[in-house]
Amino acid sequence: MSSKYSIFSLARNAINHHRGWQRVWRSPEPKPAYDVIIIGGGGHGLATAYYLAKEHGISNTAVLEKGWIGGGNTGRNTTIIRSNYLWDESARMYDKSLRLYENLSQDLNFNIMLSQRGVLNLAHNLGDLREISRRVNAIRLNGIDSEILDTAQVQAMVPILDCSTNARYPILGASLQRRGGVARHDGVAWGFARAADVRGVDILQNCEVTAILRDGGKVTGVETSRGIIKAGKVAIVTAGHASVLADMAGFRLPIESHPLQAMVSEPIKPILDCVVMSGAVHAYISQSDRGEMVMGAGIDHFVSYAQRGSLSVVEQQMAAVTRLMPILSRLRLMRQWAGIVDTCPDASPIVSKTPVQGLYVNGGWGTGGFKATPGSGWVFAHTIAQDRPHELNAPFSLERFTTGALIDEHGAAAVAPH
Amino acid sequence: MLLIPCPWCGERDEQEFSYGGEADIARPLDPDALSDDDWADYLFMRTNTKGDFLERWNHASGCRRWFNARRNTVTHRIESVYKMAQKP
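Quick mapping for you: the protein sequence lines, in order, are chains W and P. For the record, in the first sequence the residue sitting at position 271 is 271 according to the working numbering, with numbers rising by one throughout. For the record, in the second sequence the residue sitting at position 66 is 484 according to the working numbering, with numbers rising by one throughout.
Isolated chain P, as found in the complex (with noise of 0.2 Å):
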């Protein structure tokens, strides 16, 4: 069971909050440009860390805000939690 540091609200149990998956995937500027390896890239592959992760999480249940966390995949360890657009 996680304790998610909310950047805004502190310590708070997982169940409130929801999972956005993998950090910094930028949407592309110029979506006409892409060819179809470049989509697949953007839309399915993933880096999936085993070790340090960078993540989005939405405190849904909370102040419903999206913040960034580098979490340990393996040891579940959430080593920090940052805002959105900032440097972990």
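Only chain W is shown next, with the shape it has when bound in the complex (with noise of 0.2 Å):
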């Protein structure tokens, strides 16, 4: 079992070479049954399980991964963290994680190494700029911290973006949101993985689920590659695979599949310190610690499940960064990639109980499933601890696409899928 981190086990295990740090989590082989099951080692999950624990007393819990934790869209995103949308729902719910993220490297023990350096959303014209008023007032009817900047705060902030009169994409403000940033995505995986593990959940991994096993409208289980595995309580959070899962239950969801394409450029010296996005271009950008500049896309419009997207929409991305930030124009781009987010009709993600008894669906975060990963893993811990969803998430629930109060943040999301 891992031992606590601090200064001085830090001192203590220098002095022995660093020889002697133990394993974060253990490997155990699967037990028969368990109390709950969670499909889906990613951020969202591993929260869940840890939330599980640590609120709500349920321990007997394994958390299948078919492949590493961690290994899908936890460790594809761009990092980005912040809680500026639109309407109460979300605003409630994305807030809830910001203020989780906040305390998080304490909360673990584990540094995930949380950056509050900033978040701008670009306006180009007019219309963007009414557009981010309303926004920013709003947010801040939500008791949540959220400014306007004119172009020469924003050149100020930012001097790389080309903020001339002629630019192609001219900056006549930006809003901003001071708490927002980035933390180490792999770190958030690990951390919770590791608490959620002292806790005594099994996490395991290379463990795909085949079929979930239902007796009468109710869930007994999941068969695996790793044998069949008994659960009362079940809870689907796979992102990507959502509907996959979904199908092996008998229901249908909301959901379309798409890929989500982002890259990083060859390292640079510091010339970023906070995150640029623009939601008119499709560009967010920011740079790592190790000095690479880390860049999102749009994501490809048709269904997929390939984890690659079309070079199209790279060529377009990076058109338009270039022109947003000129110096960057000669940097070589070190590594492409893609994840498969889930996307509602909403942009909105459902964390809901399902028409199975027993089994609970947390999912469709499209494209900004990260920021939300520790407020996540609270509600959807809540809603199958209770059986009923938390207050944060009942809005969110499966059964808004049938009464029809969606809630529609496809700009809050910044990555529209149409």
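The set of hints was computed from the structure by calculation and includes no laboratory data. Warning: the hint list may mix true and false statements.
Rough simulated footprint, nothing fancy, chain W against chain P, three-plus residues with beta-carbon under 8 Å [said to hold, decoys possible]:
#1 429-443
#2 456-468
#3 485-493
With a straight-line Cα cutoff of 25 Å, these simulated BS3-like cross-link-like pairs (lysine-lysine) come out [what the hints assert, rightly or not]:
#4 W:Lys4 with W:Lys54
#5 W:Lys269 with W:Lys54
#6 W:Lys233 with W:Lys66
#7 P:Lys505 with W:Lys66
#8 W:Lys353 with P:Lys468
#9 W:Lys353 with W:Lys230
C-beta: ideal position from N, C-alpha, C; glycine also.
Work from the hints to combine the two standalone chains into their complex.
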């Protein structure tokens, strides 16, 4: 078992030439049965397991991951965290998550390298400017920090942005959330895994679910590549595969899966100390601690499970980025990749009970799930433990597609699916 | 990058096309008789198949006509294309 990390453990291990560090989590054999099975060992699944143990005292839990933990969208996003959403329901959910993030390194005893460096959303025309004003006011009414910058303030904050009057994408201003920023995405997965493991959660990697077992409309367990595992409660948290898992359980979801691409440049000296986003050109840019420019693109419009997208999307995004920040134009890209994002018609997630008793689903976070990781796990753990949603995630139920109470966040999601 | 065989124009670059999503979602013939669940199913629920998938494309920057394709959503291979209202 892992011991507590501290300055003293660091010193002690340094004296022993760092030979004494222990495995960060166990690699147990599956037990025949658990109280709760969580399908999907990404950030959201691991956070769910952690908060089930911490907040609800349920630690007889297994997290089943078909590959390795954090190897899906958790390790593929651009690590941006913010809570500047328009509608009350989203604002509460995403700000709960941001507040958990703010204390997460201490809570997990694991450095997730949260850097609240500020997130800018650029306005390129009068329409954008009006939209940003509306959003900033709505966000502030929900008690979340948000402010409007004019062109001179944007230029002072980000000198490498082309703020000239004849720029291809003129910058008329921006909204700024100073509490927004970035965190180490792998660190979030590893921190939650370690903290859940310490509380007795079994993390089973290379364990793919092939069927969801039911008896008379009630879930009884799952069939996996490592045998049958029984449980009275099963939770689906499989970003990029939610529809496939729902199909195993005999119901449909309002989800389409698309590739979302991102890329990093070769490393350069620090030139960008905040996050810059532009919804109009589908680009978001930050600089990693290693000096790489981390850049996210828009989604490919066709349905895909392939974890790769088309070059045209990268070309369009790079064309826009090099016009926004001409200094980047001679940088080479080091890596480019894609994750599969499950998008809902209203660009809001589903954190909900399902038509099958004892089966829960958390998915459809679209292009922006990473920022929600702790909050998502926190409300989902409540939903599973109490068999009813927390007031924070009640609006994000599957029933909203029947009642019509959709939560349209296409603007705040920044990367619109259509 | 997809090379899409338009039934009228032949193989053309993906960028000439716009995507229409899942094929064969029929508009309800008697909307007044539909329950809320039926409406939700028609409007929002999708099969989102992993594997061979029937979908609609529009050759927007070409002949501007709609057609259907059977494409594998894991390999991106287009198995066949066929005109609207035909069987795959």
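Going down the list of hints, with the structure as the test:
1. With 6 residues having a Cβ less than 8 Å from any Cβ of chain W, the stretch 429-443 of chain P passes the three-residue criterion, so the hint holds.
2. For a cut-off of 8 Å, the count of residues in the stretch 456-468 of chain P with a CB near a CB of chain W stands at 11, and the three-residue condition holds.
3. Beta-carbon proximity to chain W at under 8 Å applies to 4 residues in the stretch 485-493 of chain P; the threshold of 3 is reached and the given coverage holds.
4. At roughly 17 Å between alpha-carbon atoms, Lys4 of chain W and Lys54 of chain W fall within 25 Å of each other, so this suggested pair holds.
5. Pair hint Lys269 of chain W plus Lys54 of chain W does not hold up; C-alpha atoms about 41 Å apart against a cutoff of 25 Å.
6. Between Lys233 of chain W and Lys66 of chain W the CA atoms are separated by roughly 19 Å; this keeps the pair inside 25 Å, and the hint holds.
7. Note on Lys505 of chain P and Lys66 of chain W: the hinted pairing is violated, with a Cα-Cα distance of about 36 Å set against a maximum of 25 Å.
8. Distance hint between Lys353 of chain W and Lys468 of chain P is fulfilled; the C-alpha atoms sit about 23 Å from each other, no more than 25 Å.
9. About 19 Å separates the Cα atoms of Lys353 of chain W and Lys230 of chain W, which keeps this hinted pair within 25 Å; it holds.
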